[in-house]
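Top to bottom, those sequences are chains R and L.
For the first sequence, position 400 matches number 400 in this note's numbering, and the numbering has no gaps at all.
For the second sequence, position 90 matches number 90 in this note's numbering, and the numbering has no gaps at all.
By construction, these hints were calculated from the structure, which means they are not laboratory data.
Be aware that a few hints might be false.
[Unchecked claim] Here are the simulated distance ranges between beta carbons:
id, chain 1, residue 1, chain 2, residue 2, range
1, R, 259, L, 223, 39 to 45 angstroms
2, R, 2, L, 268, 30 to 36 angstroms
3, L, 136, R, 317, 42 to 48 angstroms
[As the list claims (entries may be wrong)] Covered, in the sense of this in silico footprint (three residues per stretch, anywhere, with C-beta under 8 angstroms from a C-beta of chain L), are these stretches of chain R:
id, region
4, 297–304
5, 346–359
Remember, predicted model here, so these are calculated numbers, not experimental data.
Don't be surprised by glycine CBs; every beta carbon is placed ideally from N, CA and C.
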Amino acid sequence: MPQISGFAFPNDVHVWWSLMIVMYPYITGFVAGAFIVTSLFHLFGRAELRPVARLAMATSFSFLLVASLPLQLHLGHPERGPLVLVTPHFTSAMAGFGMLYGGYLLILALEVWFVWRREIVDRARRSRGAARAFYATLALGTYDTSPEALAVDHRAIAVLAGIGLPGACMLHGYVGFIFGAIKANPWWSTPLMPIIFLVSAAVSGIALLLVLYQVVSKLRGRPADQPCVSSLARWLWLFLILTLSLELLEILVMAYERSDSWLIISELITTRLELSYVTVQMIVGGLIPMILLAVVVLMNRYLHPRVRNTLSTAAALLCLLQVFSMRWNIVIGGQLLSKSLRGLRSHYEPELFGREGVLMALALVLAPFAILWIFDRVLGIDPPGQADGEPEAHAAAAPGGAAATGPGLGDVHP
Amino acid sequence: MDDRTPCPAPTGGPSTPRVLGRRAFLEDVLLLSGGAVVFLAGATAAAPAAAAEGAASAPPAAEGYQPWEHRWAYLVDPERCIGCGSCVRACSAENHVPDGFFRTWVERYVTGMDGTSVDSPNGGKDGFPALQVAFVATKSFFVPKMCNHCRETPCIQVCPVGASYRTPDGVVLVDGERCIGCAYCVQACPFGSRFLSPETHTAEKCTWCYHRITRGLRPACVEVCPTGARAFGDLRREGDPVRHAIEHDRVAVLQPHLRTEPQCFYLHLDGEVR
Ligand code: SF4
Ligand code: SF4
Chain R
1 MPQISGFAFP
11 NDVHVWWSLM
21 IVMYPYITGF
31 VAGAFIVTSL
41 FHLFGRAELR
51 PVARLAMATS
61 FSFLLVASLP
71 LQLHLGHPER
81 GPLVLVTPHF
91 TSAMAGFGML
101 YGGYLLILAL
111 EVWFVWRREI
121 VDRARRSRGA
131 ARAFYATLAL
141 GTYDTSPEAL
151 AVDHRAIAVL
161 AGIGLPGACM
171 LHGYVGFIFG
181 AIKANPWWST
191 PLMPIIFLVS
201 AAVSGIALLL
211 VLYQVVSKLR
221 GRPADQPCVS
231 SLARWLWLFL
241 ILTLSLELLE
251 ILVMAYERSD
261 SWLIISELIT
271 TRLELSYVTV
281 QMIVGGLIPM
291 ILLAVVVLMN
301 RYLHPRVRNT
311 LSTAAALLCL
321 LQVFSMRWNI
331 VIGGQLLSKS
341 LRGLRSHYEP
351 ELFGREGVLM
361 ALALVLAPFA
371 ILWIFDRVLG
381 IDPPGQADGE
391 PEAHAAAAPG
401 GAAATGPGLG
411 DVHP
Chain L
1 MDDRTPCPAP
11 TGGPSTPRVL
21 GRRAFLEDVL
31 LLSGGAVVFL
41 AGATAAAPAA
51 AAEGAASAPP
61 AAEGYQPWEH
71 RWAYLVDPER
81 CIGCGSCVRA
91 CSAENHVPDG
101 FFRTWVERYV
111 TGMDGTSVDS
121 PNGGKDGFPA
131 LQVAFVATKS
141 FFVPKMCNHC
151 RETPCIQVCP
161 VGASYRTPDG
171 VVLVDGERCI
181 GCAYCVQACP
191 FGSRFLSPET
201 HTAEKCTWCY
211 HRITRGLRPA
221 CVEVCPTGAR
231 AFGDLRREGD
241 PVRHAIEHDR
251 VAVLQPHLRT
261 EPQCFYLHLD
271 GEVR
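Just chain R, same shape as in the assembly (with noise of 0.2 angstroms):
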């Protein structure tokens, strides 16, 4: 039984939502903030960021294939989970959950599909066999990688894209109305709850790919593009300053105003959650990385690029660390509170077997980049122009390539 400090509902001594519900919106995270990468190319016309925008979008993809497995595995009747898609009950936040999600993976399937659709005809042509039926079954029947079709694939990317970007800040947003729109709880209940979520996930989504890009660069034994790296680092520090802003505001705003709930949320920060949010989501995930990203972004001229990719490696590590806490604190943080605003409960330790415990949140974390190498042997997730190892041709292509093809849709054909 937890230990209760003050006084406590005695049905509220509860953690009901559990692990799972933490890894629910930092996977979700993943896919929106991933998929944001992959628009500052595909519709703002970064450049720099092409090497990575593919690998943004398959990882975004890789992302939304999991992220309904940590809600389906916390119910209580997981069998009766496909309800809320046969059945919604439209008041409910959680119900455009099945809606959201069914829209953008469509969205997105798509769109990876308009995008990879010359690698799959042309392994089409170059297969036999039973990969020869498999690639021609992706490929839908056709064939047509004319110049005009490819324009239309250009075409439909752009329109995807720009359906994609508003469909992926809803999926996110939504995840934070989940919380923010109960009034029950003061810790949760708060209009900037989904700013703060879709701010966030933009941050992990890019430490993400700052990550991944560096360990992809290694295992192909290839420098890492340092345009495309400081790019990252930069939109990065952008928005890591965002986050740490909207969430100390947050604070500030219920401090200053010394709302009717401050007393116990104050006890909360500073007793429960000191250690997770005060050291680790401000500090450890917040400052430091800030201040590396800050370094990166400030003295780029002047660093050699083994300390530009060390620097922003490690910063990206932290804000992953940063967000995984943040989720953590929210969605643990406000279990912890009683809603009699009277009392807290002991800490909250997750199991580590079974359905809801650590090992099954490792495995949600992991599954991705199994489906991510997949992704990768099935279809390439390398720009063409690199997959054979030539760094150099890509290079030429890369500061004109992009822009030369319209608003930033260069990957499709180099």
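Please arrange chain L with the ligands on chain R, whose structure you already have, making use of the hints.
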């Protein structure tokens, strides 16, 4: 607080058909869309079997009971409560409430100029042991609590599958065969009235003993209260004492600023109580 307030759905059927309607709809969808949802059909077909083992599905109304002829309300007089815990024990026995969870509970308040102490050991089920406080206590009282059967319920609002619903006679219930056990309602109830049962893995809460009140009986907690601190009444009945008290006495509800419109009323409620 007045009987002329429009009552929801006087023309609709009783509550259960509403739920059955959803289920019928589900079956139709499954039939119509055929192959595409075979997977879903398999998944949902397993549900009733799984729920059958739990006793906690929506309690059935008695035969011939006309829900739209009633509007139930609950009245608590904290001044009369002696903290004996009979109500909590009666509720637990009547509704097979799992140990450590509460459909109703009693809180003890001890207050003075320099502090307030609130406790509810085991929900007050075993009564209250003597208490020492570190300040000069000037008053002390007990407050029985339960689901408020709110009219603007956050719990029904957030339920993703419509398993939580309000009957035409004003009782908030959970359909245990439809509940997916997401606990969203548990989070959304500001009063701590709900829990996920470790036995049925579905949301449970006070039903005002729906199986009893639809047979003309009173809820078990009201029945056993030795001092009459708990009263149950029908706002649609002329001369009902609970209705009279609500109409003419000083009554309050819990956490009125949240605007959930509780239908549990408290006589002369102290401001310390949340
Ligand atoms: S007290 Fe809680 S569970 Fe009961 S109706 Fe109100 S919000 Fe729902
Ligand atoms: S736990 Fe059951 S009743 Fe509560 S919101 Fe979820 S599905 Fe609805």
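Quiz prompt | Hint numbers not upheld by this structure, sorted from lowest to highest | solution = 3, 4 and 5
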